[in-house]
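From first to last, the protein sequence lines stand for chains A and B. Here my numbering is used: the first residue of the first sequence is 1480, the next is one more, and so on. Here my numbering is used: the first residue of the second sequence is 56, the next is one more, and so on.
A portion of the hints provided could be inaccurate.
Result set (DSS-like, lysine-lysine): computed pairs, CA atoms no more than 30 Å apart in a straight line [what the hints assert, rightly or not]:
(1) B:Lys-123 - A:Lys-1549
(2) A:Lys-1549 - B:Lys-97
(3) B:Lys-97 - A:Lys-1492
(4) A:Lys-1482 - B:Lys-97
(5) A:Lys-1532 - B:Lys-97
(6) B:Lys-56 - A:Lys-1532
(7) A:Lys-1536 - B:Lys-123
(8) A:Lys-1536 - B:Lys-97
(9) A:Lys-1482 - A:Lys-1550
(10) B:Lys-97 - A:Lys-1534
Now the in silico label distances, taken between C-beta atoms and shown as ranges [unchecked claim]:
(11) A:Leu-1575 - B:Gln-109: 17 to 25 Å
(12) A:Leu-1574 - B:Ala-134: 29 to 37 Å
(13) B:Ala-134 - A:Lys-1549: 19 to 27 Å
(14) B:Ala-133 - A:Pro-1540: 18 to 26 Å
(15) B:Pro-95 - A:Ser-1487: 13 to 21 Å
(16) A:Leu-1575 - B:Ser-124: 25 to 33 Å
(17) B:Ser-124 - A:Thr-1591: 41 to 49 Å
(18) A:Glu-1548 - B:Ala-133: 39 to 47 Å
Derived by calculation from the structure, the hints in this document are not laboratory data. Backbone N, C-alpha and C define an ideal beta-carbon position, used for all residues, glycine too.
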Amino acid sequence: DVKVTQSSRYLVKRTGEKVFLECVQDMDHENMFWYRQDPGLGLRLIYFSYDVKMKEKGDIPEGYSVSREKKERFSLILESASTNQTSMYLCASSLLGLTYNEQFFGPGTRLTVL
Amino acid sequence: KQEVTQIPAALSVPEGENLVLNCSFTDSAIYNLQWFRQDPGKGLTSLLLIQSSQREQTSGRLNASLDKSSGRSTLYIAASQPGDSATYLCAVQLISSGSARQLTFGSGTQLTVLP
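Given these sequences and hints, build the entire structure.
This is the structure we're talking about:
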């Protein structure tokens, strides 16, 4: 059974803190993604990675960075958390295919920045 | 820029009804289209993926169709049940998105099936 796990379901942090969100997949997928989901704005891509140590900016990378040291793990880093980064964060993974590369999502992390 | 639209934004039906959810996209140069289900406060569950060369996919009571030339997809749910209540999202993978194939999402249809 395919599985994408995220380190926390709920997280509360203070403004200015450094925040790490971890994502692990057990499907040997090349691609990994970080999205955020906000009411009225839908899902928006923050960063993605198609290989170890490779990363590409998505639509809204400002204020975020990522790390992929191992194939199965993709971390999202908020260098200095701000209240406008309060959101639901979703991680996903997929194969590096051409047409059949179904994305599988984790359960999400609800981050609140006070 | 690719835009994905889902209509209606919300739908309420009595149990047992058959229903259709709609998804439209502006750029027909896609690799595939994926339908997801999201329960409140949870992640996304993949329901069906239709490759650009296919016209439909079926899984149990779900049937998804794709008309790439007109930029439309439908998700048909047969004999709806209260457990089908959720938000349904469609997403497309653009050919222009490169090797990673990131998704562009619609805003979703919130479905409520009344017992």
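Original post:
Which of the stated hints cannot be reconciled with the structure, identified by number in ascending sequence?
Top reply: Hint check: 1, 13 and 14 fail, others pass.
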